[in-house]
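First to last, the protein sequences are chains A and B. Sequential numbering from 518 applies to the first sequence in the numbering used here. Sequential numbering from 256 applies to the second sequence in the numbering used here.
Be a bit skeptical, because a hint or two may be false.
Claimed, not checked - No farther apart than 30 Å at their CA atoms in a straight line, the calculated lysine-lysine pairs in the DSBU-like style are these: (1) B:K329 - B:K438; (2) B:K329 - A:K701; (3) B:K518 - B:K317; (4) B:K518 - B:K401; (5) B:K317 - B:K438; (6) B:K406 - B:K518; (7) A:K1000 - A:K931; (8) A:K523 - B:K438; (9) B:K437 - A:K523.
What the hints assert, rightly or not - Derived CB-CB ranges, DEER-like: (10) B:F298 - A:M640: 41 to 47 Å; (11) A:I571 - B:Y295: 51 to 57 Å; (12) A:Y827 - B:K401: 41 to 47 Å; (13) B:I544 - A:P1018: 42 to 48 Å; (14) A:V996 - B:L499: 42 to 48 Å.
Treat the hints as calculated values from the structure; they're not laboratory data. Where a beta carbon is used, it is the ideal one built from N, C-alpha and C, also for glycine.
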Amino acid sequence: MAHGPKPGFTRWLYTTNHKDIGSMYLWFSFAMFLLGGCMALVIRAELFQPGLQIVQPDFFNQMTTMHGLIMVFGAVMPAFVGLANWMVPMMIGAPDMALPRMNNWSFWILPFAFAMLASTLFMEGGAPNFGWTFYAPLSTEYAPPSVTFFIFAIHIMGASSIMGAINIVATILNMRAPGMTLMKMPLFVWTWLITAYLLIAVMPVLAGVVTMMLMDIHFGTSFFSAAGGGDPVLFQHVFWFFGHPEVYIMILPAFGIVSAIIPTFARKPLFGYSSMVYATASIAFLSFIVWAHHMFTVGMPIAGELFFMYATMLIAVPTGVKVFNWVTTMFRGSMTFETPMLFSIAFVILFTLGGFSGLMLAIAPADFQYHDTYFVVAHFHYVLVPGAIFSITAGVYYWLPKWTGNMYNETMGKVHFWMAFVGLNVTFFPMHFVGLAGMPRRIPDYALQFADFNQIASVGAFLFGAAQIVFLFNVIRTVKGGKKATDEVWENPEGLEWSVPSPAPYHTFSTPPVVR
Amino acid sequence: MATESSYYVPEQSRLPIFATIGIFLTAFGAATWINGGSSYIFFAGALSMATVLWFWFAAVIKENMQGLNSDQLKRSYVWGMGWFIFSEVMFFAAFFGALYYIRTFSLPWLGGEGDRGSSNMLWEGFQNTWPLMVTPEQAVSGEAAKVVGPKGIIDPWHLPLLNTVLLLASSVTVHIAHVYLKKDKRQAFNLWLGATVALGIAFLFFQVEEYLEAYQQLGLTLESGIYGTTFFMLTGFHGAHVTLGTIMLLIMLLRSVIAHHFKPDDHFGFEAASWYWHFVDVVWVGLFIFVYVLGA
């Protein structure tokens, strides 16, 4: 088993190696992050001033739609799958993923699916312009013809996600080294096990809802058309039954990453391991019964409004347990502030902030004021940018020395962090204010009184974008060379991945390690 | 949990990238076709997908026969199939959920009941009934309506009842086949598996009969309002799954008859196909109750 990677580019096409596939996932996700980021910058450039400056309203709508779709399905989800590919087998003492060929298939579908999605930009009638939530009838009766390509792109992305998730479940349940009992698994593995379950449960529902769209558009069915006895609101119910668990798919693995990083740099074991596991499972369960809080203003019976309001607020309890545990882990620790730790601490603080605005939105009567305003945009960007994106970034800095055998440049890492930290807060914090003042989301133009905050937000967005160039440069430098990393990399980190050499050998464990 | 002393990691494989090209061409071709373009890309994609799957399954079977598959890998296949079926359950859940929502909330509100009853002002004179024979548009526009309800619906106690009996029987026969396989009674296994495939084909035959009756005599089509929509989408996706399941079982039968595959203690290919079969059977029971009986 000593053989290394095959030479040539076909290594990447034919590989069955979890590390190769993990790297491809991560690079693909970064490429999509830059593409989706450029679209965000088009949005922010247009919104720098009131009035139409750079793009036409229809193209603006295409940008908001594609930005959302690319970031959710192309950047955040594949990045977490990439990290799972790299780390889960190493963390549980497995030689590879359970189903290595299917693993490669799951990855390679993505570039093709996104090529198909991106190609809609050049089609007649333009790309999808109905928002990433593609509400009917905007996405059915009034959609551009490219919607058909969007639907099939979603279908094959979904197939990729389901296969990826099945692979992760099979790996975790079946490939653990002797002695690696469930309650000894690192939290990243636990959170991914639960995430994979969510994926398998809701990606088929997404496939179902886009199929209903396809049938309504092309085959004369009446799912979302009241004229035939259907209901556009049905679309929103089915979509958000997928959509809300999807939100947690994008955050649970993040919990796992910071739960690995904070103990290392606080030099204390994680506080409340088992409560972390149970909290994650509770959040996953609750994610299935809160979907209609996205649609408080659509016209639901009062009983529905109340149920979804209280169920949503319940989520704060297990999430609070988690934040408490992270803070308590840091309490009286010998803390140092290397780049992964900076990103993780920012995660804890800013994700909590995003959680609080979520709690505000959960209150149904108050939501009538906030719904579809920039306050919502501020809320979910606070949970996704310093939540999902920061945790992925932290994870990359934390494990990059293990992957490459080289230390990244710490100064450049810190520059990246502070630029990103300042940039994101300058971008998204003012959005709370314009949102509360009534600025609606997804419009290319706005009333004059919102101009100041929008200008500030646009400046912050370009700063955040520039920070990612520093990140890219740092990663490439580390891959190419730099100070050699030790096997442990950090001071006494917890986990099997630190027991193997840096860089980790192509096949990590040829015989299972023994876990005490 | 792993107890093996060494792990099997497969060599590089060309299958995934070809499968990717296949699935991409199928999806891209389907979209092109549906949007009014040529159908060639779709058929090229479907053909390459089928070819890749053929080689992929052949490779898996060959590896197993060569004894390359550890117990651990075999368990991974078991987990994989189990979770795949769970994902299929959730796909059907979306459509059953839609049916439930339409009947319990949308239609009563359209008809003027309850909190949201004001939406009935848009469709004056619309009555909530199930099966929905008069669509809201018909209630308002009469003859000029484009979306017209069906004239009649399928009687659950004729063909659907027969199909229920056929499919339930097939679940029993496939189980009996499994029992004989475990006892190494090859002849009986082939016979009972063959009977299962025959029952599956009979089911599909009567399903086609039923669709012909719906389209030609009852005016019940995909386009006849929400009743036709939910009826054909639910039964149609189920029928597609029965077709796939029948093909799977037929291949298992051919593998047994022609190639003498499967051992009493090693036959997960067959077992996976039979799980799938039980799954489509359970979905049918749901359909029979919620679409046919409670829908009539």
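Would you pick out the hints that fail for this structure and give their numbers low to high?
Those not satisfied are hints 4, 6, 8, 9, 10, 11 and 13.
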